[in-house]
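First to last, the sequence lines map onto chains A and B. Residue numbers for the first sequence, in our numbering: 8 to 386. Residue numbers for the second sequence, in our numbering: 8 to 386.
Note that these hints are calculated values from the structure, not bench results. Please read these numbers as outputs of a predicted model, since none were measured by experiment. Among the hints, a few may not be true.
You can't tell identical chains apart in this list, so a pair holds if it fits in one copy or across any two.
Only pairs whose alpha carbons sit at most 20 Å apart, straight line, appear in this in silico EDC-like list of lysine to aspartate or glutamate [as the list claims (entries may be wrong)]: (1) Lys331 / Glu79; (2) Lys298 / Asp127; (3) Lys158 / Glu207.
Number of protein chains: 2
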Amino acid sequence: MPSPFSFRLNATDGAARCGEIATAHGAVRTPAFMPVGTQAAIKGVHHDDVRAAGADIVLANTYHLMLRPSAERVAVLGGLHAFMRWPLPILTDSGGYQVMSLASLCKVAEAGVIFRSHLDGATVELTPERAIEVQLLLGSDIAMQLDECVKLPADKADIERAMRLSLRWAERCKRAFEAAPADRALFGIVQGGDDPRLREASARGLIDLCFDGYAIGGLAVGETQDVMLKTVAETAPAMPAERPRYLMGVGTPADILKTIARGLDMFDCVLPTRNGRHGLAFTRFGPINIKNAQHADDPRPLDPESRCPATRDFSRAYLHHLFKAGEALGGTLLSIVNLFYYQDLMAGARAAIAKGCFADYAGQIEEQWQAKRDVTEQI
Amino acid sequence: MPSPFSFRLNATDGAARCGEIATAHGAVRTPAFMPVGTQAAIKGVHHDDVRAAGADIVLANTYHLMLRPSAERVAVLGGLHAFMRWPLPILTDSGGYQVMSLASLCKVAEAGVIFRSHLDGATVELTPERAIEVQLLLGSDIAMQLDECVKLPADKADIERAMRLSLRWAERCKRAFEAAPADRALFGIVQGGDDPRLREASARGLIDLCFDGYAIGGLAVGETQDVMLKTVAETAPAMPAERPRYLMGVGTPADILKTIARGLDMFDCVLPTRNGRHGLAFTRFGPINIKNAQHADDPRPLDPESRCPATRDFSRAYLHHLFKAGEALGGTLLSIVNLFYYQDLMAGARAAIAKGCFADYAGQIEEQWQAKRDVTEQI
Numbered sequence: 008m009p010s011p012f013s014f015r016l017n018a019t020d021g022a023a024r025c026g027e028i029a030t031a032h033g034a035v036r037t038p039a040f041m042p043v044g045t046q047a048a049i050k051g052v053h054h055d056d057v058r059a060a061g062a063d064i065v066l067a068n069t070y071h072l073m074l075r076p077s078a079e080r081v082a083v084l085g086g087l088h089a090f091m092r093w094p095l096p097i098l099t100d101s102g103g104y105q106v107m108s109l110a111s112l113c114k115v116a117e118a119g120v121i122f123r124s125h126l127d128g129a130t131v132e133l134t135p136e137r138a139i140e141v142q143l144l145l146g147s148d149i150a151m152q153l154d155e156c157v158k159l160p161a162d163k164a165d166i167e168r169a170m171r172l173s174l175r176w177a178e179r180c181k182r183a184f185e186a187a188p189a190d191r192a193l194f195g196i197v198q199g200g201d202d203p204r205l206r207e208a209s210a211r212g213l214i215d216l217c218f219d220g221y222a223i224g225g226l227a228v229g230e231t232q233d234v235m236l237k238t239v240a241e242t243a244p245a246m247p248a249e250r251p252r253y254l255m256g257v258g259t260p261a262d263i264l265k266t267i268a269r270g271l272d273m274f275d276c277v278l279p280t281r282n283g284r285h286g287l288a289f290t291r292f293g294p295i296n297i298k299n300a301q302h303a304d305d306p307r308p309l310d311p312e313s314r315c316p317a318t319r320d321f322s323r324a325y326l327h328h329l330f331k332a333g334e335a336l337g338g339t340l341l342s343i344v345n346l347f348y349y350q351d352l353m354a355g356a357r358a359a360i361a362k363g364c365f366a367d368y369a370g371q372i373e374e375q376w377q378a379k380r381d382v383t384e385q386i
Numbered sequence: 008m009p010s011p012f013s014f015r016l017n018a019t020d021g022a023a024r025c026g027e028i029a030t031a032h033g034a035v036r037t038p039a040f041m042p043v044g045t046q047a048a049i050k051g052v053h054h055d056d057v058r059a060a061g062a063d064i065v066l067a068n069t070y071h072l073m074l075r076p077s078a079e080r081v082a083v084l085g086g087l088h089a090f091m092r093w094p095l096p097i098l099t100d101s102g103g104y105q106v107m108s109l110a111s112l113c114k115v116a117e118a119g120v121i122f123r124s125h126l127d128g129a130t131v132e133l134t135p136e137r138a139i140e141v142q143l144l145l146g147s148d149i150a151m152q153l154d155e156c157v158k159l160p161a162d163k164a165d166i167e168r169a170m171r172l173s174l175r176w177a178e179r180c181k182r183a184f185e186a187a188p189a190d191r192a193l194f195g196i197v198q199g200g201d202d203p204r205l206r207e208a209s210a211r212g213l214i215d216l217c218f219d220g221y222a223i224g225g226l227a228v229g230e231t232q233d234v235m236l237k238t239v240a241e242t243a244p245a246m247p248a249e250r251p252r253y254l255m256g257v258g259t260p261a262d263i264l265k266t267i268a269r270g271l272d273m274f275d276c277v278l279p280t281r282n283g284r285h286g287l288a289f290t291r292f293g294p295i296n297i298k299n300a301q302h303a304d305d306p307r308p309l310d311p312e313s314r315c316p317a318t319r320d321f322s323r324a325y326l327h328h329l330f331k332a333g334e335a336l337g338g339t340l341l342s343i344v345n346l347f348y349y350q351d352l353m354a355g356a357r358a359a360i361a362k363g364c365f366a367d368y369a370g371q372i373e374e375q376w377q378a379k380r381d382v383t384e385q386i
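With the rest of the complex left out, here is chain A (with noise of 0.2 Å):
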């Protein structure tokens, strides 16, 4: 009997907390980030090296698995777990941001989302339903409702309507997932925009649902980070403090550093593997573009005191020669090195938050990202 899905708040440290979630496939600490893997894989990384990084989670996309190798495919071969051989808790999403941001004559509507598949032109109906019957056939431990995403800047009347609709579409989600096993979790996604009292709406009507966990969509959309940052800061004391918050698509380390301060637990972004293949390493010191001439002959690892062997064995002359010359290998490299550094990051936010002091913690980290903006270049 696997034991079933759980959240255990370990300690607060004004409005950041940290804690553990329980799933059948093993504890994911919170804070904690996770790597996303489109398509059943992390791009251009090794599984191995995604472990060795300290992830406990990784995310998926149903968007993309739906439509290949397909949700079906995925279920014969055993599951996610079992086809891309990750042992340890997956979350995956709804498909319907994606299906809204890749797909071509996507049509929203009550029954829930019409499009044309980006792979084949195939016509694919998305209803609260399916989403669900997709993710428990991917086998996923976190699923996500189906919501709409509204793109910031938006008129109010848009917002809400599809705050709404999401809501609704949530209900259904709930009532489709009363199949899935008992080790299974159904996250609500609270949306509404830039806008608090919207925001506030959703998370209540999703509250009386009674959700495993609670998703913060709709952000990290277009709108700047202080936006961002003031719709959390309002949001998340209208979610369940005893449940899991997770903040969709978000984001750069700062981002991480300020929402994590503002009570957020979960987090996910393509920004460790996007940036590491375009040359970008985050590190202690700031993010450093290593393809700049200036690293051609620095004999220098990217941080010697990184636990990282990416980071502390490989000099910045050979990353660089790697990215000059079209070697893949640079990529994998700087996106190994990426993943260490949020996983790194989050674990320090974990002991600061246990000790009282994360507010210091993520003043020294920006502190040090502050005073190397004079000696190293940046992004």
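With chain A's structure known, arrange chain B on it following the hints.
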């Protein structure tokens, strides 16, 4: 004081030989396959995986490295071993072959070869003396003489002219190499196309100059496998038994087994990584094209009995998916699969030669490839 370069023959089995090369960076068990790290990186594969596969030595390309990042820069950064963080032996080619195949406006003269860089169009001269200087700056354990390589089929007169020029260049390389540290080795290259008397004359000329090892160049350049094997069989006996014999640019697993049987000790080829990136896996059951549709639902690994994690642990369905989805991880995993396959093939060959049963070993391997040709699709 680093140990000097040496070669010890441990056993022979017919013409096949097994032995050990000692270098300042460690031992090379022969027969040895050298993965190709053209630009100081084995394409798409982390150094740790190359070592885990069992490679004792890698090859790096002088032509590419002299143009970018430049031999002088690598030297300042501590030499190639430090630069690429490969602590084991490294062999560098002379650059000649790639000048003649990759550069534009290449002009061969007595003094050397003048060409335009494929990177920026700059005019560069590569003389025998410069080829040695560059390789000493790179710091490889085994350097190669500059030679002229003629594509087959070719006129006998042209083959002979290039062979004589290569001999004169061999002498100049040998003289230039007198400045090298005592632990570095220089190999001569037997030329002469598909003409046994020219090959023999070339070998005799080189032996008079007394090299640390001898290579067969000018093969795997367009001739049939029959011509290649015949030339190797005719040339090997003219090469000193007490020195390593290196067959440049060869080849497929079958080529390698057949030329080990003809007395060759060292091999290099881009096939394991190039084929891996293109979805072709070398396995016990012969080559497998993982992109073929039949693998989409196949839960079996490429070979459950392999010691290679990528070969043993990932399903064919997952590897197929990675290629279909354009995930670079697919090419990386299949490159690792192939590097392990080649190294295991060599380890098996060494063990079989030591036991005096190499012909049986080669026969069994080829039988396995053949047996499976009926039940699984091939290249």
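Numbered hints the structure breaks, given as an ascending list: none
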